[in-house]
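Q: Protein chains in written order, with our numbering: chain A, 1 to 452; chain F, 453 to 904.
These are calculated hints, taken from the structure and not from any lab test.
Wrong hints could be hidden among the right ones.
To be verified - Only pairs whose alpha carbons sit at most 35 Å apart, straight line, appear in this in silico DSBU-like list of lysine-lysine: (1) F/K774 / F/K874; (2) F/K455 / F/K857; (3) A/K322 / A/K295; (4) A/K195 / F/K703; (5) A/K276 / A/K295; (6) F/K774 / A/K97; (7) A/K405 / A/K2; (8) A/K356 / A/K295; (9) A/K322 / F/K774; (10) F/K808 / A/K195; (11) A/K405 / F/K549; (12) F/K874 / A/K356; (13) F/K857 / A/K97; (14) A/K204 / A/K356; (15) F/K656 / A/K204.
Number of protein chains: 2
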Amino acid sequence: MKKQMILSALDMSCVGFLAQGVWTHPADRSTELNTLDYWIEYARLLERGLFDMLFIADNIGVYDVYGGSAAASVKGGVQIPMNDPSVVIGAMAAATKHLGFGITGNLVYEPPYLFARRMSTLDHMTGGRIGWNIVTGILQSGARAMGRQALVPHDERYDIADEFMELMYKLWETSWEEGAVLVDREHGRYADPDKVHVIRHEGKYYRLEAVHPCIPSPQRTPFLLQAGSSGRGKEFAAANAECVFVNGVSKSVVAGNVADLRRRAAEVGRSPTDIKVLAGATIIVGRTEAEAREKLEEYRRYADPEAVLAHAAGGLGVDLSKYPLDEPIRYEENDANRTAMAMLTRNGEGGYTPRKIAEEMALSARNLLIVGSVEQVVDELADWMEKTGIAGFNVARLIMPDSLKDFIDLVIPALQECGLYKTEYREGTLRDKLTGNGPRLSAPHPAATIGR
Amino acid sequence: MKKQMILSALDMSCVGFLAQGVWTHPADRSTELNTLDYWIEYARLLERGLFDMLFIADNIGVYDVYGGSAAASVKGGVQIPMNDPSVVIGAMAAATKHLGFGITGNLVYEPPYLFARRMSTLDHMTGGRIGWNIVTGILQSGARAMGRQALVPHDERYDIADEFMELMYKLWETSWEEGAVLVDREHGRYADPDKVHVIRHEGKYYRLEAVHPCIPSPQRTPFLLQAGSSGRGKEFAAANAECVFVNGVSKSVVAGNVADLRRRAAEVGRSPTDIKVLAGATIIVGRTEAEAREKLEEYRRYADPEAVLAHAAGGLGVDLSKYPLDEPIRYEENDANRTAMAMLTRNGEGGYTPRKIAEEMALSARNLLIVGSVEQVVDELADWMEKTGIAGFNVARLIMPDSLKDFIDLVIPALQECGLYKTEYREGTLRDKLTGNGPRLSAPHPAATIGR
């Protein structure tokens with residue numbers, strides 16, 4: 001039997017996500033993002049396609065590096081507006097039965113006690129379908145929005161992350177023992193106080209003394225997602241993540257990343273296959289290759305080069321408005337841009353000009369872009385699986401919802417036909433579905449042994 | 453035409469809310485609070501009864517004063533578990549059209565930028581049906597849960613509140629001007645950068661530099677609810693609140709509170725009737741008085757005296773387990789208990805014993821308890837309206853959902869018959885519905901003029 005792929009849909013609660021300008025296409029509905037109906041239909045569409053998860057990325061702050069202000073981003077709708085990703089989950093969960101939800105939460109900015117409570121409540125209300133995409137922030141504007149002078153230095157953000165995770169595991173996994181909840185009407189005992197513990201934590205970054213305010217949710221700790229690509233980020237992922245999201249357009253680079261993650265996971269005592277790696281992919285499919293190419297050209301006409309550069313500039317921390325369009329950019333390497341820039345240049349020949357960035361990132365940003373007939377897309381996805389060791393894909397939306405509908409109507413049945421995709425959902429929580437390891441984290445994951 | 457009352461349902465995302473122990477009644481379903489279905493049915497029930505709002509109170513922390521630990525609260529389910537109140541709103545909004553949602557948010561603990569975003573997203577997704585119940589916290593255990601040594605002193609919490617509100621108003625009301633959002637596909641302009649402003653705030657408690665990440669929601673600033681009963685709390689309410697929730701069992705005391713609030717509102721230039729006051733009420737209705745009294749006695753049999761005292765002790769900051777059941781309690785007055793204790797004692801004759809507290813607070817805590825036939829309940833509600841100047845009631849659940857069903861099936865039609873309650877919803881946002889003043893805050897409310 002062939003290895004079946006995991007499919008997640010990748011999005012943000014915004015208009016211009018990765019394909020800047022494409023919201024101006026007459027068919028695109030992403031400007032309806034402020035309505036519940038938009039999200040409910042979205043969830044139903046994904047469940048019709050047996051998608052495993054909707055992964056909602058997020059950014060705290062605005063892309064304001066290009067031209068020294070947020071003007072280009074505001075004009076082009078470049079990840080602004082950006083709504084709170086957690087608000088729509090309840091409505092989507094009520095409209096579906098199996099679809100998982102990966103929500104982004106920035107641990108540098110979220111108060112631990114309130115964040116742990118929100119995630120537990122979400123996990124309860126979705127019947128264990130919640131994943132947490134753990135991020136530490138990349139935008140200086142986000143730091144200023146949160147009342148800080150600047151981003152915490154990159155590696156220190158992961159020191160904070162380590163402590164935050166320890167705190168989350170204590171709250172989620174140890175505050176309420178198994179069997180603590182009784183709901184014993186006869187004796188008036190809702191829970192057994194002997195099995196409910198005050199968590200006391202005093203660390204370098206956090207202090208807390210509290211009973212976790214929620215009873216254990218189906219997964220206790222939400223399914224843990226992460227996307228760190230730096231060395232320190234991968235070290236963190238190897239220790240904590242159950243699913244890692246990688247960018248990249250080169251199979252050999254992604255294969256290297258997958259191997260590196262597995263090696264690091266093994267080093268900390270986890271099984272190398274405990275971490276499912278998903279590659280970001282933007283997919284344009286047609287009934288024929290020609291039809292797909294036509295769509296590609298059509299979508300490209302709606303791309304907004306200035307908005308693409310505003311997006312790229314924010315990620316890089318380099319004001320791309322300062323460079324002539326056709327001159328290779330030079331920039332001062334720093335913490336905030338090192339990873340992004342390395343990714344951009346190591347996949348090409350270097351010497352990137354603003355024009356080249358605007359062209360290459362137009363529809364898929366730094367994600368893989370696959371364009372072709374159904375057969376070509378299926379072959380390419382299968383080849384990626386085989387050559388890189390990834391477990392599946394995080395499929396970014398393009399024209400919303402038509403490009404996802406195309407994928408679901410054309411590609412999913414073809415993937416099913418050749419045994420590469422499931423034909424029905426498995427029962428159980430998001431963790432059950434994606435790992436087969438049961439509803440909760442188990443050893444050797446550190447959460448399973450913390451504080452015991 | 454008679455003045456129609458406002459009706460809000462008062463609850464918390466917990467099992468034991470005000471009537472401790474009553475969850476053990478065979479008909480009570482509050483232990484299902486971890487499911488979406490519970491909340492969706494709840495919302496539908498309230499909308500069937502034309503309720504204006506579901507007001508979800510909240511507490512950060514656990515009641516752990518009684519016996520010096522959370523044991524009695526955990527055992528009795530006394531406001532623990534306590535889920536995040538915002539998570540279920542999306543699902544309830546999708547299942548209803550008019551019902552408003554008052555969500556509690558503690559401004560001392562919420563990061564301003566993220567909180568403003570969450571509330572704007574909620575206001576968008578509900579089509580302008582969001583209210584914010586502004587609280588500053590009353591539990592020492594909450595302060596410790598949030599990494600602090602102790603609660604910020606009472607009056608300083610309101611200094612923090614003043615600054616937090618200023619910051620919220622700036623983000624909600626001024627970051628995006630009217631007309632900033634264009635959604636101009638032809639010219640690729642999602643918004644007009646000249647009409648979108650970076651908010652820069654540097655105050656005593658907060659610093660922030662950010663564009664508000666959401667476009668203006670139907671109400672911009674959510675409908676503002678508050679429940680402060682201290683002098684400083686009322687001063688804050690007079691300046692900011694649109695709807696104030698009061699406790700109390702005496703008409704003359706509540707009438708005095710209403711008059712005081714109106715006087716304070718007038719002092720800061722607001723119209724005295726700009727603030728709608730709701731009185732908390734627990735209502736037991738029967739087809740006859742005898743039937744109501746029977747229900748009262750039945751419910752009382754399920755009350756859990758120790759849980760009632762654990763609840764009262766937390767609110768008072770006094771360990772009631774230390775006092776003999778029949779001796780008047782003596783306690784050291786402090787910031788945290790002054791208001792609560794004053795309310796308890798000024799409504800009675802003083803000299804409260806633990807047993808008396810457990811009896812009087814058994815079903816309604818410090819809320820008004822009305823028990824009677826349909827006619828008696830209607831008369832009593834009308835009398836409260838007439839004698840106190842309140843605008844309506846915040847009806848606390850008792851047996852969930854049966855006591856609300858009783859109220860909706862028996863009392864609402866009788867209220868409608870005598871012109872005391874609407875027979876259909878008004879169109880518009882929560883603010884429109886409850887004030888008739890349009891969807892957004894207008895002068896002389898400070899939010900309408902901030903930063904202009």
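Q: Each hint: holds or not?
A: Right, here's what the structure says about each hint:
Distance check on the hinted pair: F/K774 and F/K874 sit about 49 Å apart at the alpha-carbon level, beyond 35 Å; violated. For the hint linking F/K455 to F/K857, the alpha-carbon distance of about 24 Å falls within 35 Å, and the restraint holds. Proximity of A/K322 to A/K295 is assessed by CA-CA distance (about 33 Å); at most 35 Å being required, the pair is judged to hold. Straight-line distance between C-alpha atoms of A/K195 and F/K703 comes to about 44 Å, which puts the hinted pair past the 35 Å bound.
The hinted pair formed by A/K276 and A/K295 meets the criterion: a straight-line CA distance of about 31 Å does not exceed 35 Å. At roughly 50 Å between alpha-carbon atoms, F/K774 and A/K97 are farther apart than 35 Å, so this suggested pair is violated. Restraint check: the Cα-Cα separation between A/K405 and A/K2 comes to about 25 Å, which is no more than 35 Å; the hinted pair holds. At roughly 21 Å between alpha-carbon atoms, A/K356 and A/K295 fall within 35 Å of each other, so this suggested pair holds.
With a C-alpha separation of about 72 Å, the suggested pair A/K322 and F/K774 falls outside the 35 Å cut-off, and the hint is violated. Taking the CA atoms of F/K808 and A/K195, the gap is near 31 Å; set against the 35 Å cutoff, the hint holds. The suggested pairing of A/K405 with F/K549 holds, with an alpha-carbon distance near 29 Å, which does not exceed 35 Å. Restraint check: the Cα-Cα separation between F/K874 and A/K356 comes to about 63 Å, which exceeds 35 Å; the hinted pair is violated.
Restraint check for F/K857 and A/K97: the C-alpha separation of about 29 Å stays at or below 35 Å, so the hint holds. For the suggested pair A/K204 and A/K356, the alpha carbons sit about 44 Å apart, so the restraint of at most 35 Å is broken. With a C-alpha separation of about 25 Å, the suggested pair F/K656 and A/K204 falls inside the 35 Å cut-off, and the hint holds.
Violated hints, in rising order: 1, 4, 6, 9, 12, 14; the structure is consistent with all others.
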